[in-house]
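Enquirer: Sequence:
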Amino acid sequence: MELGGKGPHIIFGDSNVDEAVHVAVHGLFFNMGQNCSAGSRVYVQENIYDQFVQKVVQTVKQRKVGDPFDPNTMQGPQTTKKQFDKIMEYIDIGKKEGAKLACGGNRIGDKGYFIEPTIFVDCNDKMKIVKEEIFGPVMVILKFNEFDEVIQRANDSIYGLTGGVHTANISAGLKAARKIKAGTVWVNCWNEFDPSHPFGGYKQSGLGRELGFEGLLNYVETKTVCISLGKASLSAGTEFNKV
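Heads up: the sequence shown runs through residues 8 to 250, numbered per the working numbering.
Among the clues, some could well be false.
For each label pair, taking beta carbons as the anchor points, the in silico distance ranges come out as [said to hold, decoys possible]:
{"id": "1", "residue 1": "61", "residue 2": "115", "range": "17 to 25 Å"}
{"id": "2", "residue 1": "177", "residue 2": "116", "range": "24 to 32 Å"}
{"id": "3", "residue 1": "77", "residue 2": "100", "range": "45 to 53 Å"}
{"id": "4", "residue 1": "76", "residue 2": "154", "range": "40 to 48 Å"}
{"id": "5", "residue 1": "58", "residue 2": "228", "range": "27 to 35 Å"}
{"id": "6", "residue 1": "23", "residue 2": "68", "range": "31 to 39 Å"}
{"id": "7", "residue 1": "220", "residue 2": "178", "range": "44 to 52 Å"}
{"id": "8", "residue 1": "38", "residue 2": "69", "range": "50 to 58 Å"}
{"id": "9", "residue 1": "96", "residue 2": "61", "range": "27 to 35 Å"}
{"id": "10", "residue 1": "217", "residue 2": "25", "range": "27 to 35 Å"}
{"id": "11", "residue 1": "226", "residue 2": "53", "range": "31 to 39 Å"}
{"id": "12", "residue 1": "219", "residue 2": "21", "range": "27 to 35 Å"}
{"id": "13", "residue 1": "217", "residue 2": "53", "range": "21 to 29 Å"}
No lab work stands behind these hints, which were simulated from the structure alone. By construction, the Cβ of each residue, glycine as well, lies at the ideal position given by its N, Cα and C atoms.
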C-alpha cells in the first residue's frame, strides 16, 4: 500500500542555487502537484535562503498554465472540483496561519480547475500547510541552520514516502539520505524512477514495496520446514520419491 506523503527536500548552503531551484520546481509541480512523492516541504539553509526564494519565485511565475494538449503548457488543471476546492482551502489556511504568500494562490479563469503555481515562505513546522498533504501546486519553504536540526524537522512527520537532499558534498548528501526516514531519498535530483528501484513508504505512507527485487517478494510463498535430528537418521542409500 502506498498511502501518500509530505516529502522533505533539504537544500544545503553549498548547493548550486540554479540547479536546486530547477530540481525543487520539478519535485513539487510535476503533475500539477498531484503526486504523493512530491517534494512539498522545502528546507533551505539560511545562507542561501533569500537567493533561493527569489529565484524559485521568478521561475514559478514563468510557468504557463493552461490547456494540457498545448505543447507549451507546463501545468494543466487539477483532476476534480473536490480536489480543486481542497487545494484552495489549504491556500486560505496558509494565509490565516501567517505564512507569506510569495506568488500564486489564485484560481485561473472561470472554467476548469486551474490554480496558479503557489509558493508560501516564512513558514513554520506547526502550520497545517507544512504538516498535511495538500496534493496540489503549493510549495512551502522553510529556513534552517544546522544539519542535525533539519534532519529532526524533516523526520517530524506522520509520512515517510520520499525525501531529498541537494548539496555539492556527496558525502554529506549520503549521510543525510541515511538519516531521513523515507522509503526513497533522492540526492541532487527528484522523481527519478527505475524498475530496479524498490518503491514504498515508512510510517503512515504505507506498507510493502513495489518494483525491484523486493517487489517480487509479494508473489513468493515462503515455506518453513523444521527437522528434529535427535531420533532421525538418513542412510547413505536412502532414496526419495520424486514429487
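Enquirer: Please flag the earlier hints that this structure goes against, numbers listed from lowest up.
Expert: Numbers 2, 3, 5, 6, 7, 8, 11, 13 - these are the hints that the structure violates, sorted from lowest upward.
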